[in-house]
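Chains as they are written, first to last, in the numbering used here: chain A, 1468 to 2096; chain B, 26 to 293.
Among the clues, some could well be false.
Covered stretches of chain B (chain A as the covering partner; in silico rule of three or more C-beta atoms under 8 Å from a C-beta of chain A) [what the hints assert, rightly or not]:
no., stretch
1, 99 to 108
2, 172 to 185
3, 198 to 206
Chain B regions said to be covered by chain A (calculated; three or more residues, Cβ under 8 Å) [to be verified]:
no., stretch
4, 58 to 64
5, 116 to 127
6, 159 to 169
Please keep in mind that the hints were generated in silico from the structure rather than gathered at the bench.
Keep in mind that this is a model prediction, so the values were computed, not measured.
Don't be surprised by glycine CBs; every beta carbon is placed ideally from N, CA and C.
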Amino acid sequence: MHIPDGLIPFPQYIIYWLLILIPLYLSLRWARQEMDEMKTPLLAVLAAGIFAIQAVNLPIGMGTSGHMVGAVLAAIILGSPYAGLILLTLVLVVQAFVFYDGGITTLGANIFNMGLVSCWSGYYAYRWLEGKLGTVNASFVGAWLGLVLSALAATVQIYLAGAFPLVEALVVMGTFHAVIGFIGEGFITALVVKFILKSRPDIMSQKQRKPLSRNTLVAVAAVIMVLAIAAPYLASTNPDGLEQAMVIFMGEEKIETTIDTSLLYSAPMPDYSITRLGRSGEVLAIALGTILVLAAGLLFIKLAGKKIVMTPGSSMRNGDTGDNKNISSNSNDDANDNGNGWVSEDRDWGTPYIIETRDLTHVYRSGSTKALSSINFCVKPGERVVLLGANGAGKSTLFKHLNGILKSTSGQVLVKGQPITRSNIKDVRRTVGVVFQNPDDQILSPTVAQDVAFGPMNLGLSPDRVESRVKRALEMVRLTGYEERAPHHLSGGEKKRVAIAGILAMKPEVLVLDEPTNGLDPGAAERLMRLIMEMNQKLGITMIIATHEVDLVPEFAQRVCVMSAGMITGEGTPTEIFGRPDLIAKTHLRLPVVAQLMKKLKEAELDVAMELTVDEARDEIVRVADRRG
Amino acid sequence: MHITLYDIERESYRESLLHSMDGRVKMVMTLALIIYAVSLPRLDITTIERLGIMWLYLVALIIIARVNPVYAAARIAIALPFGMGISVLQPFIRQPFIPEFTVLYHMGLGITVTAEGLLFGSVLFAKFMVCVTAVVLLSSTTRMADMVTSARRLGMPAELTLLFGLMIRYLYVFWSMLRRIRNAQQTRCFDIWNKQVPRRWILEQIGHSISALFIRSYEQGERTYQSMLCRAYSADSHVCVDNQKIGARDYLMFSSTLILIGLVQFWI
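Just chain A, same shape as in the assembly:
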C-alpha cells in the first residue's frame, strides 16, 4: 500500500528514512558479497520485469500489487529477503520519480512496509513452512502473509500520521488485504513458483539462509522499542507539521495561536491551541530536518560506496582486477586506432593460433545431453572463419567458451597460447570480443554513448580515453551523431552496430559474432557484412562468425567449420564444404543460391564449374557462353 506525500508529518517521515537506510546498506553489501552466479545486474533487470508483471496483475489486483508478487518471488527464488528489498526499492523509486505512484518524502515509509516488512515476513514464513507444506504451498502462504503484514504496517503508519483511528483501520485494511492477497499474492506467486519448478528448477535457490544472528535480533528489537516508544508519543501529541518537528528536535517553547478557518467554511469554530513556532522557526525546522536526512544519506552513500573485500567464489570468480602478464595484450594507445597498430605485432605465443580449443566439452546444468562434445577448433590471427550449423548445433555455447563466460565441463580453451584462468580473464575478454545474437542482451545503458563506454570504463581507462574510444567506435560503425539516442529508438540494424561498437571500443583482436545478420533486412545485412569485412581487412581483426545463412558464407569465409549436435563435423574452404552434399544435408543446411543455380546448369548438361559467389558464377557462365560461340 502506497502512502502519498503530505500524509505523514515531518518528523515521522524522517524516522522512516533513517530506519530504512541500514537495511538498504546491508542489502547492497549482501548483493556484493553473497550473490553468486547472477550478481547485481540480475536484480535490476528483474525489477524492470516486475513493472511488466505489475501491469499484468493490475486488472485482477483491486488493491493487491504486482511488485509485491515480484519482490517476494525474488526473495524466495534468489534465497534472501535482501533481494526483495533491493528490487522493491528500485521499483518504488522509479515509480515515485517517474509515475508518481506513491510519494517522494514517504518513500522511506513505503520501502519500510513493502520492502522490509513484506519481504522479511514473506521469506521467513516460506522458509519455515517449506519443509512442512512443500515449496509451492509455502510460497503461497509466504507471499500472502507478506502482503497482509505489509498492509498492517502501513495502517499503523497512517494511524501514527493521524489520518485514521487504529483499531478500525487495522480491521478494515487487514481483512481487505487478507481476502485480496489470497488471490493476488498467494495464488499468483504459487502458480509462478510451480511454473518455475517445472521449466527452470535450476534457478530456485538451494541455499538455506542462516538463522538470524544475535546482533540482528538485537537490532530488530531496538528498532521495535524505538517505534513502540515513539508511536504513542507521536500519536498522542499534536503532530502538526513543522511545529511538532521543532518541539521534538529543538525543544522550543510552544506558542499559543488561534487558527482562522473561516475562509474555508462559515460555521463557527472553537479556538483551540496547537504548538506553533512562528514562520522563521518553520524554515529552520525544514532546514534542520533536511540536513539530518541528507547527513544520514551521505553516511549511507559513503558506506555503500566503500569497497568491500570479495569472498572467494563470489562475484569476482569470473572477474579480475589485478595486472596480468600472461597474455600479451594489444596496445592501449588510441593513436593506433586507425592503422595496423590495432592488433599486437607480438606473436610469440608458442602456437600459430590466436584461439584454440582442446577436447572442449560442455554439459549445461539444466540438461543431461552434451551441448559441446570434444571440440577441437583453432583460428589463426587475421583469419575469417565461419561456424556453420543449424539451430541448436552448439555454436553459441562454443562462443561463450571463447572468452571464458562459460566454464567447460572438460577440455581447454587457449587464447594466444594461454589457457583461460581467473588471473587472465580480463585480458582474454579484451582480446576476444563477443557480440551476442540479440543486441538487446548486450545494450544495457540508457544511451548509446554510455553503452559504448561501458567496456572501456571497465578496463579502467581515463575519461578522455574512454571518450575518444567511444567516438572512434561509433565512427567505425558509422553511428556518429547517435551518442545521446536511447537504444529502444534504434532500428534492428542500428542496435546491432551499437552492440559491435560496444565491443570495438575495447579494441579486441578477435571479434566473435553470433548470427550477426539475424533479423536484419537484406540491405542492412549487406552493410553490416561489408563493415565486418573492412574491419578484418583494414585493422587485421580476426573474425569468427556463427550463422546458418549459407549465402553469406562464400563471400565472407576463408574457412568454414560445420557444427552439428555439439560436434564439428566438417572443416575446409567454402568450396570444399559445399562440394560435400552429404555433409550439407546431414546438418540440415542447403547450398548457397548461386551454387544451386550452378548445380541446375550442370544437370542441364552445361559444362560449368561449381562456383559459389555471384561474380565467380558470372565469369563461369560468360566463359561457357563464349566457348559455345
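Based on the hints, put chain B in the right spot on chain A.
Frame of chain A; chain B shown alone:
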C-alpha cells in the same frame, strides 16, 4: 486518456527552456518544493493559500515547458485516487490528534462532517496536488536516463547508478514484451472478464503470463550479465558519467523557486 511509459518519454524529449535545464537542478528544485509543501502545518488555512500559489507556479512552468496540457492533466488525474481516497474520508473521521471537533452536518447513522476534518482533508489534498504536479513536471521535462545521470552527479553510489541505469534500459524492453504478450492474448480473444470460461482457468493464464515474464526477465538478466562480463565487468566497474557545469540559467531558475518559497513562507 490512457498514459503509458511512451507518453512520458515523448514529453520528456520535447525542447524547451525547462527541458534543456540541468537535471540536477530540476531534481533538487522538485525535492525542495515537495519537502516544503509536506512540511507546512496541517491545520492552518494559510497552508492552502501557500500551496495554491505554489501549484500555480508549477502549472506556469508546465506551460513554459510546452508539455501537452491534456497529458499533464491526465497524469495528475491518474495519480489522484491515491491521495484523494484518504483526503475525502477525513471530514467523516475523528482524527486521533485533534482534541476537539466542531460538527458541521449530521449525515445520519452516526456519521458527521467536522470542520477540523474538512480542513485537514483539504490541506492533505492541496499538499498532494502540489507534490503530484511537481513530479509530473520533473518527469515530463527530464529523460529517465538524465535523472539517473543527475542522481549520480549528485552523489548516488556508482552501484545504484548502474542498477537504475540497467532497470531503465530494460523497462522499455519488458514493456514491449508485455505489449507483444497482450497482443498475442488479444488475438486469441483472451479476456479476464470473460464469463464463459472458469475463473480459475483465467487466473492460471494470468499466472502463466507472469511466470513467463518472470522467467524471461531472469534469463534476460543472465544474458545481460554474461554480456557485461564480455566487457570486463567486475565489482569495481564504474558508470560513465562526465562532469557538467551548471549554467547561469539553471542557477536563475533554481533561485526563482527558492525566492518563491521564501515569499510564500513570509508574506502569507
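**OP:** Check each numbered hint from earlier against the structure, then list the numbers of those it violates in ascending order.
**Re:** No numbers; nothing is violated.
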